[in-house]
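Number of protein chains: 2
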Amino acid sequence: MPQASTYHHGDLRAACLRAARELLEEDGSAALSMRAVARRAGVSPTAPYRHFPDREALVSAVAAGGYRELAGHLAAAHPEPATPDELAAVAVAYVRFALDHPALFRAMFAEPCDPGNEERVAATAAVSEYVRGIVRRAYPDAAPDALSTAVWALVHGLAFLHLDGKLDASTADAVADRVRAAVLALLGAAPAPR
Amino acid sequence: MPQASTYHHGDLRAACLRAARELLEEDGSAALSMRAVARRAGVSPTAPYRHFPDREALVSAVAAGGYRELAGHLAAAHPEPATPDELAAVAVAYVRFALDHPALFRAMFAEPCDPGNEERVAATAAVSEYVRGIVRRAYPDAAPDALSTAVWALVHGLAFLHLDGKLDASTADAVADRVRAAVLALLGAAPAPR
DNA sequence: CCTTCTATGTATGCACTGCTCACATCCTCG
DNA sequence: CGAGGATGTGAGCAGTGCATACATAGAAGG
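Listed in order, the protein sequences are those of chains A and B. Taking UniProt numbering, the leading residue of the first sequence gets 1, the next gets one more, and so forth. Taking UniProt numbering, the leading residue of the second sequence gets 1, the next gets one more, and so forth.
Since the hints were made in silico from the structure, they are not lab data. If you're wondering where the values come from, they're calculated on a predicted model, not measured in any experiment. It is possible that part of the hints are untrue.
[As the list claims (entries may be wrong)] Which chain A residues face chain B? A few, computed with CB under 7 Å, are given here:
1. Phe109
2. Ala110
3. Ala146
4. Ala150
5. Gly157
6. Leu158
7. Ala182
8. Ala185
[Said to hold, decoys possible] No more than 20 Å apart at the CA atoms, straight line, and that leaves these computed lysine to any residue pairs for SDA-like:
9. A:Lys166 with B:Glu111
10. B:Lys166 with A:Gly165
11. A:Lys166 with B:Arg132
12. A:Lys166 with B:Glu119
13. B:Lys166 with A:Arg68
14. B:Lys166 with A:Lys166
15. A:Lys166 with A:Arg96
16. B:Lys166 with A:Ala77
Backbone N, C-alpha and C fix where the C-beta goes; we use that ideal spot for every residue, glycine too.
Given the sequences, and given the hints that come with them, work out the whole structure.
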């Protein structure tokens with residue numbers, strides 16, 4: 001625990017990430033400015049630049065955290081899904097996450113994932129691997145790449161269409177039903193699970 | 001054609017949209033500022049505000065144009081798709097459009113489609129209806145809402161995953177093959193076309 | 001034809017932003 | 001204990017969105 005020494009913050013990097021995350025949740029991505037983060041962390045406007053070379057880097061770090069959080073959220077929905085129903089439950093959790101954290105979710109996908117940011121690349125790769133693993137386990141006889149790509153794309157697209165108001169997202173149940181139905185429809189085309 | 005009268009531009013609104021579109025294609029969404037648009041249109045920094053109440057409105061108008069362009073692009077891929085293969089061709093065109101105009105595509109979906117902007121809402125509704133109509137025609141016996149939602153989400157998700165570099169988009173052929181395979185897989189689960 | 005009204009463009013200015021650079025402070029380690 | 005590097009501060013620049021007051025021109029009506 002950092003003592004109340006005025007000058008050095010103690011863990012400014014973490015404080016910046018937390019502040020950025022809060023700003024994102026409260027007022028959306030437009031409110032996520034370096035200076036606002038600094039204000040919220042109770043620090044001078046340029047202090048965050050000691051930990052993040054530029055705004056891009058801050059956003060990428062927040063996004064990376066978002067990926068980790070998403071992975072945890074999915075795992076919580078079902079640790080090792082194997083049946084189509086279990087897989088659909090994970091899909092519902094994915095869309096739920098997007099709807100619960102719209103600004104964060106957009107930050108995670110709005111800008112191109114610059115290959116320069118290793119943390120971010122690694123985090124997205126982890127999600128990708130997670131989905132692939134699930135599909136491989138559930139459908140060992142299918143072409144895993146094609147099927148997991150299709151599943152991820154379907155779920156990802158559903159998340160965005162709900163976010164954009166193209167699909168009614170007013171009740172959680174309706175969203176869940178829609179996502180489940182779409183995923184099960186896609187999986188119906190795959191070889192039946194063993 | 002407007003004469004070279006210095007003061008009044010002639011059709012500044014259209015010029016702004018064109019300039020904004022160019023800036024988007026050239027340097028991405030960050031370069032799309034009111035002032036940059038004004039500069040490119042050869043007009044004072046605040047002139048565009050006569051035609052767009054704020055930046056949001058300008059972006060929404062550009063996005064609306066993008067939706068119309070996308071609709072045209074899809075129709076060009078196949079005017080009235082009925083078979084799964086034809087439908088897949090339209091899907092490929094959708095993803096192609098996203099990859100050819102990444103910044104525009106992101107502008108179309110990055111921010112929540114505020115229900116206030118009628119032009120934008122109408123434009124997205126048109127695309128939605130277009131997809132629905134295709135699916136209804138191709139699969140008259142399926143639940144049209146569920147199936148068209150699933151198809152759109154799949155294709156939309158594929159577009160974003162390619163945009164974000166999660167799927168290799170280096171060659172157009174590879175992208176097309178992947179999209180086709182995913183769409184045909186999904187459609188395999190639907191009642192066969194008559 | 002001349003006035004007036006309104007749409008459209010201009011000029012100025014404020015608050016804010018990302019970012020740079022010079023400086024201050026503190027912790028660590030030789 | 002003293003040097004040096006890490007971390008924070010401060011002032012300042014260029015650029016932004018936008019509001020407000022002003023200028024201009026083309027159309028409408030006498």
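Against the structure, the hints:
1. With its C-beta approaching chain B no nearer than about 6 Å, Phe109 of chain A sits inside the 7 Å limit, and its interface hint holds.
2. With a least beta-carbon distance of about 5 Å to chain B, the hint placing Ala110 of chain A at the interface is held under the 7 Å criterion.
3. Annotation: interface hint on Ala146 of chain A holds; nearest CB of chain B at approximately 5 Å, less than 7 Å.
4. For the restraint placing Ala150 of chain A at the interface with chain B, the shortest Cβ-Cβ distance is roughly 4 Å, inside the 7 Å limit, so the hint holds.
5. The interface hint given for Gly157 of chain A holds, since its Cβ lies 3 Å from the closest Cβ of chain B, which is under the 7 Å cut-off.
6. Proximity of Leu158 of chain A to chain B holds as hinted, the smallest CB-CB distance being about 4 Å (cut-off 7 Å).
7. The interface hint given for Ala182 of chain A holds, since its Cβ lies 4 Å from the closest Cβ of chain B, which is under the 7 Å cut-off.
8. A distance limit of 7 Å between C-beta atoms decides the matter here; for Ala185 of chain A the minimum to chain B is near 5 Å, and the interface restraint holds.
9. Between Lys166 of chain A and Glu111 of chain B, the direct Cα distance comes to roughly 13 Å. Compliance with the 20 Å bound is thereby established for this hinted pair.
10. For a cut-off of 20 Å, the pair hint linking Lys166 of chain B to Gly165 of chain A is broken: about 25 Å separates their Cα positions.
11. Restraint check for Lys166 of chain A and Arg132 of chain B: the C-alpha separation of about 13 Å stays at or below 20 Å, so the hint holds.
12. This hinted pair checks out: Lys166 of chain A and Glu119 of chain B have alpha carbons roughly 15 Å apart, not beyond 20 Å.
13. A hinted pair counts as satisfied when its Cα atoms are at most 20 Å apart, and Lys166 of chain B with Arg68 of chain A qualifies at roughly 16 Å.
14. Distance hint between Lys166 of chain B and Lys166 of chain A is unfulfilled; the C-alpha atoms sit about 24 Å from each other, more than 20 Å.
15. Only pairs whose Cα atoms come within 20 Å are accepted, and Lys166 of chain A paired with Arg96 of chain A is accepted, the gap being roughly 16 Å.
16. A distance of roughly 23 Å separates the Cα atoms of Lys166 of chain B and Ala77 of chain A; the hinted pair therefore is violated under the 20 Å criterion.
Violated hints, listed in ascending order, are 10, 14, 16; each of the other numbered hints is respected by the structure.
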